[in-house]
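Novice: Based on the sequences and whatever the hints tell you, model everything.
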Amino acid sequence: MKKIAIIPAFNEEKNIQGVISSLKQYQPDFDILVINDGSFDQTSLAARKTNQALVIDLLSNIGIGGAVQTGFIYSRRKNYDLAIQIDGDGQHDPAEIKKLIEPILADKADMVIGSRFLSQSKYKGTFWRRLGIKIFSFLNLIFLGEKFTDSTSGFRAFNRRTIEILSEEYPDDFPEPEAIFLLKKKGLRIMEVPVSMEARRAGRSSLSFFKSIYYMVKVILAISILMLRK
Amino acid sequence: MAEVNTMRIQILAIFGSVALIIFILNLIRKKKLREEFSILWLVTAFIFLLISIFRPLLDKFSYFLGIDYPPAALFLILILGLIMVCIHFSIAISELKETNKKLLQELGLLRAELEEKERREK
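So the protein lines, in turn, are chains A and B. For what it's worth, the working numbering labels the leading residue of the first sequence as 1, then goes sequentially. For what it's worth, the working numbering labels the leading residue of the second sequence as 1001, then goes sequentially.
Calculated from the structure, these hints are not laboratory results. Just to be clear, a hint being listed does not mean it is correct.
For the chain A half of the interface with chain B, some residues (derived, Cβ under 10 Å), not all of them [said to hold, decoys possible]:
id, residue
1, Ile35
2, Leu54
3, Val55
4, Asp57
5, Leu58
6, Leu59
7, Gly63
8, Gly66
9, Ala67
10, Thr70
11, Arg77
12, Thr149
13, Asp172
Distance windows between CB atoms, simulated [unchecked claim]:
id, chain 1, residue 1, chain 2, residue 2, range
14, A, Arg161, B, Phe1089, 34 to 44 Å
15, A, Leu141, B, Lys1122, 47 to 57 Å
16, B, Lys1117, A, Gly145, 42 to 52 Å
As a list, the in silico DSBU-like pairs of lysine-lysine whose alpha-carbon atoms are at most 30 Å apart [to be verified]:
id, chain 1, residue 1, chain 2, residue 2
17, A, Lys24, A, Lys78
18, B, Lys1101, A, Lys78
19, A, Lys147, A, Lys218
20, B, Lys1097, A, Lys78
21, A, Lys49, B, Lys1117
22, B, Lys1101, A, Lys211
23, A, Lys14, B, Lys1030
24, A, Lys14, B, Lys1117
25, A, Lys3, B, Lys1101
26, B, Lys1102, A, Lys2
27, A, Lys24, B, Lys1117
28, B, Lys1122, A, Lys24
29, B, Lys1032, B, Lys1102
30, B, Lys1101, A, Lys184
31, A, Lys184, B, Lys1102
32, A, Lys49, A, Lys78
33, A, Lys108, A, Lys186
34, B, Lys1097, A, Lys185
35, A, Lys14, B, Lys1101
36, B, Lys1117, A, Lys78
37, B, Lys1117, A, Lys3
38, A, Lys211, A, Lys184
39, B, Lys1102, A, Lys186
40, A, Lys2, B, Lys1122
Positions of the beta carbon are idealized from the N, C-alpha and C atoms, including for glycine.
Specialist: What follows is the structure in structure tokens.
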């Protein structure tokens, strides 16, 4: 079984090597693919220096969705059976990948989301993020009749079918909550497993207050349109 | 006096729209503007011209819409034209962004593929 870890990275020169080495330590059979989304710093070089990761450089920043989708396209073309997505900032603990991929290996789910709210995670995110997550979770319930506790989580595992679908269609920015609706509409099985998350080690999170507001409006609009489209 | 004033704006409107049409056509001729993007401009300019020349047309149109001062209807037409052009731009930009994303992704994938090949050959 071919397995790949997709790491979207934007200005993560300080964190990326730690993520790669820890990944190799816990999951040595995973191929590692870093998508450098037009970073201004030396993210690409730092990742290449490890000699343990393949690096795809995007010439300019297209947003996390476009970056991760590049990873899906790569995975599909290279015939991977399983992919995980893990942040390049060290928020996600590679030790927990085994929990994430278990339902995929047992064919119990097509996508697995690592949720920080199902466990006693130290890091819960900012107030605005938590509010956003609550709103998305409510939308999940009314549109899908199913609740996801952490729909913004970018710590995920995908099987082959999901990789194929998302390589065709994936939103450019803030893709995570939307992807749930996209896959659910196609009748795929999504499962959440508890994981713990750390606050980022270095650098700034990509979400400021105004961005969070824009995030919410954009995602709610996108989801509404997605659900209206038959 | 009022007659002379409305006459003046009519002449101004005619000159303005003719100038716009010539300007747009010239841009197409010099290949600085694609036909695709010129059509909305030309349609707006022609409607503007038509209404500027035939005042009764504008009067009827204003009466129909309940506008007391007919030249104000000219602005309405112009604004509607501009809104359409802007929406057209938004659509075009969205399409460009999508194409751009696909190009960036494919370029990244191809370069990675090439690097891998070179590494294997070494």
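Novice: So, for every hint listed, does it hold in this structure?
Specialist: Hints and how they fare:
The restraint placing Ile35(A) at the interface with chain B holds, with a minimum CB-CB distance near 7 Å, inside the 10 Å limit. Below 10 Å, beta-carbon pairs count as interface contacts, and Leu54(A) has one with chain B at about 6 Å; its hint therefore holds. Annotation: interface hint on Val55(A) holds; nearest CB of chain B at approximately 7 Å, less than 10 Å. Satisfaction of the interface hint for Asp57(A) is found here, the shortest Cβ-Cβ separation to chain B being roughly 6 Å, below the 10 Å cut-off.
Interface restraint check for Leu58(A): the shortest CB-CB distance to chain B comes to about 5 Å, inside 10 Å, so the restraint holds. Residue-level restraint check for Leu59(A) holds (minimum Cβ-Cβ distance to chain B is 6 Å; threshold 10 Å). Restraint check, Gly63(A) versus chain B: the minimum CB separation of about 8 Å is within 10 Å; hint holds. This hint holds: Gly66(A) has a C-beta 5 Å from the nearest C-beta of chain B, less than the 10 Å allowed.
For the restraint placing Ala67(A) at the interface with chain B, the shortest Cβ-Cβ distance is roughly 9 Å, inside the 10 Å limit, so the hint holds. Restraint check, Thr70(A) versus chain B: the minimum CB separation of about 5 Å is within 10 Å; hint holds. For Arg77(A), the shortest C-beta to C-beta distance to chain B is roughly 8 Å, which falls under 10 Å, so the interface hint holds. About 31 Å separates the beta-carbon of Thr149(A) from the nearest beta-carbon of chain B, more than 10 Å, and the hint is not met.
With 10 Å as the threshold, the beta carbon of Asp172(A) comes within range of chain B, its nearest partner Cβ sitting at about 6 Å, so the hint holds. Checking the proposed 34 to 44 Å range against Arg161(A) and Phe1089(B) shows it holds: the Cβ atoms sit about 38 Å from each other. Take Leu141(A) and Lys1122(B): their Cβ atoms lie about 55 Å apart, and the range 47 to 57 Å holds. A beta carbon spacing of about 49 Å between Lys1117(B) and Gly145(A) agrees with the range 42 to 52 Å that was offered as a hint.
At roughly 20 Å between alpha-carbon atoms, Lys24(A) and Lys78(A) fall within 30 Å of each other, so this suggested pair holds. For the suggested pair Lys1101(B) and Lys78(A), the alpha carbons sit about 21 Å apart, so the restraint of at most 30 Å is met. Only pairs whose Cα atoms come within 30 Å are accepted, and Lys147(A) paired with Lys218(A) is accepted, the gap being roughly 20 Å. Among the hinted pairs, Lys1097(B) with Lys78(A) is consistent with the structure: their alpha-carbon atoms are about 26 Å apart, no more than 30 Å.
Distance restraint check for Lys49(A) and Lys1117(B): the Cα-Cα separation of roughly 18 Å lies within the 30 Å cut-off, and the hinted pair is therefore satisfied. With a C-alpha separation of about 21 Å, the suggested pair Lys1101(B) and Lys211(A) falls inside the 30 Å cut-off, and the hint holds. For the hint pairing Lys14(A) with Lys1030(B), the CA-to-CA distance comes to about 51 Å; that exceeds 30 Å, so the pair is violated. Taking the CA atoms of Lys14(A) and Lys1117(B), the gap is about 29 Å. The hint holds against a cut of 30 Å.
At roughly 26 Å between alpha-carbon atoms, Lys3(A) and Lys1101(B) fall within 30 Å of each other, so this suggested pair holds. Using a Cα cut-off of 30 Å, the hinted pair Lys1102(B) and Lys2(A) holds, with the two alpha carbons roughly 25 Å apart. For the hint linking Lys24(A) to Lys1117(B), the alpha-carbon distance of about 23 Å falls within 30 Å, and the restraint holds. Taking the CA atoms of Lys1122(B) and Lys24(A), the gap is near 25 Å; set against the 30 Å cutoff, the hint holds.
For the suggested pair Lys1032(B) and Lys1102(B), the alpha carbons sit about 26 Å apart, so the restraint of at most 30 Å is met. Taking the CA atoms of Lys1101(B) and Lys184(A), the gap is about 25 Å. The hint holds against a cut of 30 Å. The suggested pairing of Lys184(A) with Lys1102(B) holds, with an alpha-carbon distance near 25 Å, which does not exceed 30 Å. For the suggested pair Lys49(A) and Lys78(A), the alpha carbons sit about 23 Å apart, so the restraint of at most 30 Å is met.
Proximity of Lys108(A) to Lys186(A) is assessed by CA-CA distance (about 16 Å); at most 30 Å being required, the pair is judged to hold. At roughly 26 Å between alpha-carbon atoms, Lys1097(B) and Lys185(A) fall within 30 Å of each other, so this suggested pair holds. Using a Cα cut-off of 30 Å, the hinted pair Lys14(A) and Lys1101(B) holds, with the two alpha carbons roughly 27 Å apart. With a C-alpha separation of about 14 Å, the suggested pair Lys1117(B) and Lys78(A) falls inside the 30 Å cut-off, and the hint holds.
The hinted pair formed by Lys1117(B) and Lys3(A) meets the criterion: a straight-line CA distance of about 21 Å does not exceed 30 Å. For a cut-off of 30 Å, the pair hint linking Lys211(A) to Lys184(A) stands: about 26 Å separates their Cα positions. Of the supplied pair hints, the one linking Lys1102(B) and Lys186(A) holds, its CA atoms being roughly 23 Å apart against a limit of 30 Å. Restraint check: the Cα-Cα separation between Lys2(A) and Lys1122(B) comes to about 25 Å, which is no more than 30 Å; the hinted pair holds.
This entry does not satisfy hints 12 and 23, going by the numbered hints stated previously.
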